[in-house]
Amino acid sequence: MCLWLNFEKNCVATLGICTNKTSSILTTEAVNRPFLYPVSKTCFRSRTSARVKMKRSKGGGDEEAPRHNGSAGRRKADQQQSDGDEGGSDIGPADLQDDDNDQGLRREIRSKYRDLISSVQQNREDMLSPSNNKLTEVLEEANKLFKDVRQAREAALDAQLLVVATDLGKEKASQLFSEGTAFDPTAFAEHLLSFMGLNRLEDDEDEQQNTANGYLPQDAWHRLARRAECCFRTAPSFHYMMGSFYAEPPPPKQRIERQRKAPSKEAKRIMPTQLKKMEESQQEATEKEVERILGYLKSYYQDDPTSPISYYEFVIDPSSFSRTVENIFHTSFLIRDGLARMYLDEEKLPCIAPVEEGEVEAGGSTSRKQCILSISPKIWKELIDAFDIKDSIIRPPNTQND
Amino acid sequence: EDDDATFTQPSTSQVQRGLEKLTPAQVDQKTAEVVQYFLVKDQKKMPVRRADLVKHVVKDYRNIYPEILKRAARTFDQVFGLKLVEIDPKNKMYILVNNLETPDKASPVSPSNPKMGLLLAILSVIFMKGGVVRESEYLIWNTLRKLRVDPGEKHEEFGDVRKMVTDEFVRQRYLEYVRIPHTEPIEHEFRWGQRADAEVSKAKILEFMGELHEQDPKTWTQQYRQAHSLPNSSQASTSSSSQR
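Chains as they are written, first to last, in this note's numbering: chain A, 1 to 402; chain B, 403 to 646.
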C-alpha cells in the first residue's frame, strides 16, 4: 500500500510512505504553522513505526524504522521523546497475540474509523471554518485509535482517514492564502432559503443550529427559478399553442385518509405513481366504491358473525358479469389494505371476512400473500349455478358508469 | 456515431455544385425542416448531434449540409433571436441559446421551471469554488440537503434528485459529472457543462451572490476576475465560425 500526500504552494509537506517495502520513506518539510495540524507534527512517525512493528510481529523482517529528518514533534500533548524504533508503545509479543485475534476489537476499531471518516466528510464545511479546531480533534482521535491497530484492514482505514483529513487541511491552508472573501456554502444555503421565502418559526433563536426551522412555501423553487432566468440565456422552448393533448400527468391529489397506520416509507413512494396514473374523477369514484363495499361486508358480517361469508357469494352479481368483475376489483383493495381477509373454509372454498378494528395492520408483520384471480363469463355462470346465487350482496351504485 | 464517422464535410465547390442541382424552394424546405428539428429537440434541452441531424433530416441533401446549416443559423438569428452554438467541436453537438440579453426580471407570462432554481444553486457553488467540486467533498449534496433537497429521498417537486443532477443535467450539458482518473473507489467531480458555459453568465451569478450576501461582488476577487475576463474566453464558439 502506497500513500502519497501532496500539498501545494504554501502548504506543508510532501511525504510518501511505502509499506510494501522494507523501509518506510518519510520526508517531511515541516513548516511550523500552528493551524496546519496534519501530517508533519503528529501522525506519521507513530504510524510508520507501528507498521514496521506489524511486519516484525508477522515475522517479517528485521528492518529498523528509519531515522527521520524533520520535526521531532510528538503525537500527544505530553512531550515524550520517542525513538522511532520503539514506535512509542509498549506492547509485548503476548499482548500482540491477543489483540490480533480479538475480532470484536478489530471490528470496533474499524467502525470507529469509519465514523470518523464519515464525520469529516459530512461536516466538511464546518471543519473548514477557521474558527474551530475540529480537524485537530479528529486527528487526535485517530491517533488514539491507531494505537490499537494491528491489521492491514485497519491501517488502510487509517490511511483513508488521513487522506481525507489532509485534503481538508490543504483546503484550509489555501483558504488562508487566497485573495478575497472565502465562499461559505453554509451561509449561501441560509441566504438562499431566505430568498426562497422560508418562514422561520418564532422561537428560532438558537444560533448554534445549522438547520433553520420553518417551512418553505410552495413556490419556493419557482422563486429561485425566476431569478435564474436573469442569469441564463436559455432559449425559450417551442410549443404548439393549442396542443393535441396534454402530455403531463395531472398533479397527484391527496388520498382520503382511511383507518390505518401512517403509511410506511414504501407506501409513501408507491402512492404518487399510483395516483398519477388515474384521472381525478375515477380516483374518487373508486375510493367511494371501495368504502361502500366495506360497508356491505361489515354489515353482512355483523348480521351473523359466526357464519362465514362465501367470497363468491359476496362478489358475484348474477345479473351482470361486468359488475362482478368490478366487485372483485374493489374488494381486492380491501384485502390489500388489510381491511378484509380471505381464507379457505373446511371445504377449501374461499371466504371473506372483515378484519376487526384492533387487528388492522397495513403492511405489518403478517406475511403478505398475493394471488391473481381470473374469471370468465363461463366460469361466472357456473359459479352462479353452483352456489345458487339469486341476488347480489353488493347493491349496484345508483349512478351507473357503465 | 458511425454515421458521423463516414460523413465527410463537403468542400465549398461540392456544395456549390450541389446547390446548382436544386431549386431554391427545395433548399428552403430542407432548411425549414432542420429548424423545426432543432426547435423540438430544444424542448428537452438535449443537444443535437450532427450525425442524427444528417441521418434523420438532411438525408439526401448531405452534400450541401454546410449551406443548410448556415441558413438555419441565420433563420434562428433573424426570426427567433436564437443562436445556434456548437458546444462540442469534436463530437459535433449543437444547442440553441438565446441571443437576446438576459432580462432584468423574469418574464411574468411564461411558467418557470423549478429545476432551473436547483441548477442555479449547484452552478453557483461550483463557480464560487473555482470551477471544480469533487463529489467526495459532499459539498454539492450537503448544500442541497440544507435546501431541504435530500438526494437519498424522493423529492416532492424533483423526484429522483440524484438522477436529475448526475444524469439529466449532464445529458443536457448543464453539468459535467466526470470520473476522476486513478481513484479507487471511483470518485467523480462536478464541473460546469458546455451548455452552462454558453448559456449562463458568471457575472450575473456573482451579482446574485452579492445580493444574497449583501456584499459587493468585487469582494470575491478571484471569481470576479474570472467572470469579467474576455467575453469569449470560456464561451463555446458559434457554428458559423467553426464549421468543420
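Any given hint could be a false lead.
[Claimed, not checked] Per the computed footprint, the stretches of chain B lying under chain A, defined by three or more beta-carbons under 8 Å from a beta-carbon of chain A, are: (1) 417-431; (2) 464-473.
[Said to hold, decoys possible] Lysine-lysine pairs mimicking DSSO-like chemistry, simulated, CA-CA at most 27 Å apart: (3) Lys531/B with Lys565/B; (4) Lys369/A with Lys390/A; (5) Lys556/B with Lys172/A; (6) Lys531/B with Lys253/A; (7) Lys170/A with Lys531/B.
Because the hints were derived from the structure by calculation, they are not lab data. Where a beta carbon is used, it is the ideal one built from N, C-alpha and C, also for glycine.
Outcome of the hint check:
no., hint, verdict
1, 417-431, "violated (count 0)"
2, 464-473, "violated (count 0)"
3, Lys531/B with Lys565/B, "holds (23 Å)"
4, Lys369/A with Lys390/A, "violated (31 Å)"
5, Lys556/B with Lys172/A, "violated (34 Å)"
6, Lys531/B with Lys253/A, "violated (41 Å)"
7, Lys170/A with Lys531/B, "holds (14 Å)"
Violated hints, in rising order: 1, 2, 4, 5 and 6; the structure is consistent with all others.
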